[in-house]
Amino acid sequence: MRPIGGHVKDIGSTKNLKTGGWRTFKPVIDMEKCIDCGSCWIFCPDMSVIRKDGEYSFNYDYCKGCGICANECPTEAIKMVLEEK
Amino acid sequence: MKIVEDIPAYVKCRHVCRANLYSNRCWKFSQNIKEVSEEELFSYGHRACAGCGGTIALRLALKASGANTVASQCTGCMEVVSSPYPQTAWKIPWIHVAFENSAAVASGIEAALKALGKKEGVNVIAFGGDGGTVDIGFQALSGAMERGHNMTYICYDNEAYMNTGIQRSGSTPFGAVTTTSPAGKVSFGNKRPKKDMPSIMVAHGVDYVATASVAFPLDYMEKVKKAVAIDGPAYIHVLAPCTPGWGIPSEKSIEVARLAVDCGMWLLYEVEKGEMRVTYTPTVKKPVRDYLKMQKRFRHLSDELINKIQAEVDERWEKTFGIRKIF
Amino acid sequence: MPYRGYKNGIGGEVMPVRDVLHGSRCVAEAARLCDVQVIAAYPITPQTHIVEDLAELIANGELNAEYIMVESEHSAMSACIGASATGARVFTATSSQGLALMHEVLFIASGMRLPIVMANANRALSAPINIWNDQQDSISERDTGWIQLYVETNQEALDTTVQAYKIAEDKNILLPVMVNLDGFVLTHTIEPVEIPDKEEVEKFLPPYEPQVYLDPSDPMTQGAFADPETYMEFRIEQEKAMKRAFEVIRRVDEEFGELTGRSYGIVEEYNTDDAEVLLVTMGSVAGTIKEVIDSLDEKVGLLKIRVFRPFPKEEVLKALKDAKVVGVLEKDIVIGLGEGALFSEIKASLYPSSYRPKLLGFVGGLGGRDISMDNVREIISICKKAIKEDIDEVHWIGLKE
Amino acid sequence: MKEIRFHGRGGQGAVTAAEILAIAAFYDGKYSQAFPFFGVERRGAPVTAFARIDDHFIRRRNQIYKPDYIVVQDPTLLEVINVAEGLSNNGKAIVNTEKKPGEINLNTSAEVYTINATKIALDVLGVPIVNTAMLGAFAAITGEVTLDSLKRAVVKRFPEKLATKNSKAVEVAYEVAGGSV
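Each protein sequence line maps, in turn, to chains A, B, C and D.
Following our numbering, the numbering of the first sequence begins with 24 at its first residue and continues without gaps.
Following our numbering, the numbering of the second sequence begins with 59 at its first residue and continues without gaps.
Following our numbering, the numbering of the third sequence begins with 1026 at its first residue and continues without gaps.
Following our numbering, the numbering of the fourth sequence begins with 237 at its first residue and continues without gaps.
Incorrect hints may appear among the rest.
As the list claims (entries may be wrong) - Looking from chain B toward chain C, a few residues come up when the C-beta cut is under 8 angstroms (computed):
| hint | residue |
| --- | --- |
| 1 | Ser130 |
| 2 | Pro142 |
| 3 | Trp152 |
| 4 | Ile153 |
| 5 | His154 |
| 6 | Ala156 |
| 7 | Ala173 |
| 8 | Ala198 |
Stated by the list, open to error - Label pairs and their calculated CB-CB ranges:
| hint | chain 1 | residue 1 | chain 2 | residue 2 | range |
| --- | --- | --- | --- | --- | --- |
| 9 | C | Asp1168 | B | Arg250 | 34 to 42 angstroms |
| 10 | C | Gly1290 | D | Tyr301 | 30 to 38 angstroms |
| 11 | C | Lys1425 | D | Ile340 | 28 to 36 angstroms |
As the list claims (entries may be wrong) - Result set (EDC-like, lysine to aspartate or glutamate): computed pairs, CA atoms no more than 16 angstroms apart in a straight line:
| hint | chain 1 | residue 1 | chain 2 | residue 2 |
| --- | --- | --- | --- | --- |
| 12 | D | Lys302 | D | Glu321 |
| 13 | A | Lys75 | B | Glu96 |
| 14 | A | Lys75 | B | Glu98 |
| 15 | B | Lys92 | A | Asp59 |
| 16 | B | Lys177 | C | Asp1243 |
| 17 | B | Lys172 | C | Asp1240 |
| 18 | C | Lys1315 | C | Glu1403 |
| 19 | A | Lys32 | C | Asp1240 |
| 20 | B | Lys344 | B | Glu373 |
| 21 | B | Lys92 | A | Asp76 |
| 22 | B | Lys86 | A | Asp59 |
| 23 | B | Lys177 | C | Asp1240 |
| 24 | D | Lys302 | C | Asp1399 |
In short, the hints are calculated from the structure, not lab data.
Every residue, glycine too, gets a C-beta built ideally from N, C-alpha and C.
One chain only, chain A, in its complex shape:
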C-alpha cells in the first residue's frame, strides 16, 4: 500500500501487535467462584476477557496484565499470578 494520507483500510489491524508480551502478571479465573456478573469483561481496557455462555477466559495474546479484572471481581474469582516466561 502506497503511503497516502495516513489512510488505513485494514480496520482493527492493531491486532497484529500482540500486547500480551507487556505482561508481568496474568489473570487466572476460578470458575467455581465466578458468579457471571460480567465485571471483568466490561471493564477490560484490552478486550481480553472472553465471555461465552457464562464462562470466562482470557485472551493472553493481548492481555497486558493490568489486573482490573481481578480487582473488580466481586468474589475474588480472578487472581493475578506471575507470568512464567
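The hints should help you fit chains B, C and D onto chain A, whose structure is shown.
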C-alpha cells in the same frame, strides 16, 4: 477487593434500589451487563498503558453507539495508541486531524453526510481528551455546539495533558500535582479549581449534557445512547483515570473512578433540555481523603487542604443530593 | 457584443452568460458551477463578499450545499477536512490573518491528500494591521503542500476555481488547491466576465468520486499516526504528486480551453521573444505591466507565473533564457533575506542552468500600496540600467523616502 | 480608454455609481471596470471610486491618477480635498451644486459642469442620494454611455422599487444636463 461478602444473598437480591443499579455491587448490574453488545468496535493490540481508563471510555462509547458511527478524534493518547500507521484499532470510520479541532472536523463530517444524503441513522461522535476539550479545543467545541450540529461530543477526562507527560490542563483538579503544577516549598500543586465544562455546555443550550464515569458503564452507555439518539448536539463528560498521571496501580483505575463518585468529587447527572437529573446517588458517602490518598498526585496535600476540598465537596453534595453528610 | 463567446448560439447551443461581476462573485459563481456540497467559511476582509455571495446563492436555491458558518478559519479548514474526508466536494475562502490561522491545518489537508479548493483573497499580514492587498499571506503558506494558483483577472479567478477542482480531484494528484486573487484589486473590482454554462461545466468536471471516505458501510481510518519508520514516505508521496500536478494542470487548462476558448498555461509569456528585459510577476499586476509594455517602443517581456506551487522551474528557465535582465516584481518580502520569495526561487532555479541573466528583485505593493504604471516604467528603466552597469539586486518600489 | 473618478461621501453611493457606469458601458457593448478606493471609510467620510471604459479589455489595475472625467457628488468636498487633481486638461468635471460653474473654484483648466443633483434626488427619490442623478448628467455631458444602458444598469443594480425611482432620477438629470430623451 471483595465486594460481595454473602454471595447467595447477592444472587437472590431483587431489590430495585436505584443506588446500586449502575454499580457492580448489584445483582441487577450483572443482569444488565448481559444485554451489552458483544461487538468490539475498538480492537485489542492498541498501545495504551495497562489499565488505561481512556480506552475503556472509548470502548464503552462504541458499544453504546454501535457500528453505524463515524468518529473524529483530537490529538492525544487515545489517538496515538489507536492508530500507529499502518495499523488501526478502530473498526468504525474514524479520523484524526489535529489537537484543537475534533468538534470542527465532526461538524464537517456531519454536514458532508447530510449533503451526501447519508446522515440518516449515522451517529457522529467527536472524541477529545480534557486538554483538547476544555483548553485548546474549547473554541471549536463551542462553535460546533452553538451551531447545533447533530453530533455527540465525548470528553474523556483524565484531568491533565497525559499524552505529553502529565502537564496541567484547565480540567486538573485543585491541589493535584502535575509536571507544570508541582508541589514545592511554596506550592501545593494546582491552585485553581477544575473548570466546570458540563455547565458551560449546558449554558450553550446543548440539548443533552451528561457526566459519566468509566466505573459506571451501564450509566455511561445509557447516556451515550441517549446522546446519539438526540437530533441535535449532545455532550458527555466522562471521567477516565490515567494510571501514570494519577499515580495509581494499573488495577486501580476503575476503583478510583468509582471512589471519585462515591466521595462526591465527581457527580453523575444528565441535563436534558435544561432539566437536570442525578443519575446515581451513592448510598454511602466516602470521605474525600480516601480518594485523595489513593493517588500520588494528591498525596502531598496537608490536612488543611484536604479539609478545604472536603468542605467544597460537601457543599456540592448538599446542593446535588440535599443532604450535607452521610458518613 | 465585443465579448467573444465560445459558441455562437446558433442551433440552440448553450451560450455563456456575459455579465459584469466582482472578482468575489466570480469565485462564488465558480463554486456554484462546480456543485460544491459543503462550504465552511469564516468572513474576513476582503474575502467577505465571497462568503456573502455563497450564502445568497444558497438562500436563493441556486446552490444546494451545506454551509457551515464556523467560528474561526481554523475550524473552517478543519470542517472542510472532515467533510472532504467524508467524500464531499468542499469549498472555503479566506484571506491574510485567516489563512495564517489555518496554517497548521493546511499541512493536514494536503498531508491527508484531500482535494479541497480554497480561494484566498490576497491581503497583507499584521502588524501593523492592514486590510489591503499584497501576497505575503499565501507566499507564507508556500510549504504547506497546497497547489497554489495566482490569477490576473476576474475571469481567470472564475475559470481557475473551476479548473482547481479538476486538478485537485485527479486520482493521481489528490492535493488541495489554493486559488489566489488579489484582495480588493480583483475581489472588489467589477468587470465583464463570461460565466460558463452549468451543463458545460458538468461535462468538464464530473461529480467528485472520492478515493477514500468515512462511511460506516466501509469503515476506515484517516489521519493515522506515523512514526519515524513511516513518516518520510508520506512526504515523498506528496512531493511526487506535486510533480505530477504539472501535467494535470496543463491538461485541465487545455480541456478548459477547448470548452471555453480560454486557457492560461502554467506560466504566461507576454512579448518575451527577443526581449532583453523580462519582468516576472504573479497576480493582477500583470495586467498593468502588459499595458505598459504595449506602450513602449523597446522590447520588454513579461513572464506571469500562474502556478507557484508546484514551482515551474522548466517554464521559468525557458522563458528567461534569452533575457539580459530579469526583474521580478512581487508583493511579498522574506524578512531577514532581504528579497521576495519569488525572486529567491527564480534565482535558485537558475543555478543549475547555464543562463546567467542579471537578476533584479522588486518589492512593491505591500499593504495595498498602489503599483502605478509609472512604477512599472521605473522598474523597466532600472532593469535597462542594469544591462550596462552593476546596481543593487533588490529595489523597493513606491517606497516613500 | 476613458478614466472616470467619482468623489463622494460614505453612504452617498459613489462606489455604486462607478459600478453602474461600468455596467452601462458594458451594455453599450464596451469593456469596463469599476472599483472603489479601497478604504475603511465609514458613513460621511470622503470616498473615491473609479471607473474605466474602453473598446478593449482593460488590463491595468492601478488607481486612476489622470482621470478624463471627475464626478463630484458633494460640493462640500471641494473644501476638503483637491478633487480635480490630475484631471486632464481636455477632461470634464461634473459637480453637484446649485452654483454655476464660474462660481466654484475647482483648480483645473478642464471644462466644469454643474448640476443641482440634490434637488433632483429630493424631487424624484425623496432622499438626497445623488449618485444616479449624477450619472444621468454624466451621460448627457460626456456621451460616454447611452441613457438606455444607464437605465438598464440601474434596473440591474437596484431592487425593483428603487430601480424605477432611480431610473427616473437618471432621466431627469440627463434632461436637465442638456441631453434629449
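Results for each hint:
1. Ser130: With a closest approach of 6 angstroms, the B:Ser130 hint holds.
2. Pro142: 6 angstroms, holds
3. Trp152: OK, holds: B:Trp152 within 8 angstroms of chain C, min 5 angstroms.
4. Ile153: Constraint on B:Ile153 satisfied, holds at 4 angstroms.
5. His154: 4 angstroms, holds
6. Ala156: It holds, given that the least Cβ distance between B:Ala156 and chain C is near 6 angstroms, below 8 angstroms.
7. Ala173: 4 angstroms, holds
8. Ala198: Holds, about 5 angstroms.
9. C:Asp1168 to B:Arg250: 34 to 42 angstroms: At 39 angstroms between Cβs, range holds.
10. C:Gly1290 to D:Tyr301: 30 to 38 angstroms: Holds - the Cβ-Cβ distance for C:Gly1290 and D:Tyr301, about 32 angstroms, lies within 30 to 38 angstroms.
11. C:Lys1425 to D:Ile340: 28 to 36 angstroms: 32 angstroms, holds
12. D:Lys302 to D:Glu321: 8 angstroms, holds
13. A:Lys75 to B:Glu96: Cα-Cα ~10 angstroms, so holds.
14. A:Lys75 to B:Glu98: Distance of about 14 angstroms is within 16 angstroms: holds.
15. B:Lys92 to A:Asp59: Given pair B:Lys92, A:Asp59 holds - Cα atoms ~9 angstroms apart, limit 16 angstroms.
16. B:Lys177 to C:Asp1243: OK: B:Lys177 and C:Asp1243 at ~15 angstroms, within 16 angstroms.
17. B:Lys172 to C:Asp1240: 12 angstroms, holds
18. C:Lys1315 to C:Glu1403: Holds: C:Lys1315 and C:Glu1403 sit about 14 angstroms apart, inside 16 angstroms.
19. A:Lys32 to C:Asp1240: Given pair A:Lys32, C:Asp1240 holds - Cα atoms ~12 angstroms apart, limit 16 angstroms.
20. B:Lys344 to B:Glu373: 15 angstroms, holds
21. B:Lys92 to A:Asp76: 10 angstroms, holds
22. B:Lys86 to A:Asp59: Satisfied, since the Cα-Cα distance of roughly 12 angstroms is no more than 16 angstroms.
23. B:Lys177 to C:Asp1240: Holds: B:Lys177 and C:Asp1240 sit about 10 angstroms apart, inside 16 angstroms.
24. D:Lys302 to C:Asp1399: 12 angstroms, holds
Hint compliance for this structure: no hint is broken.
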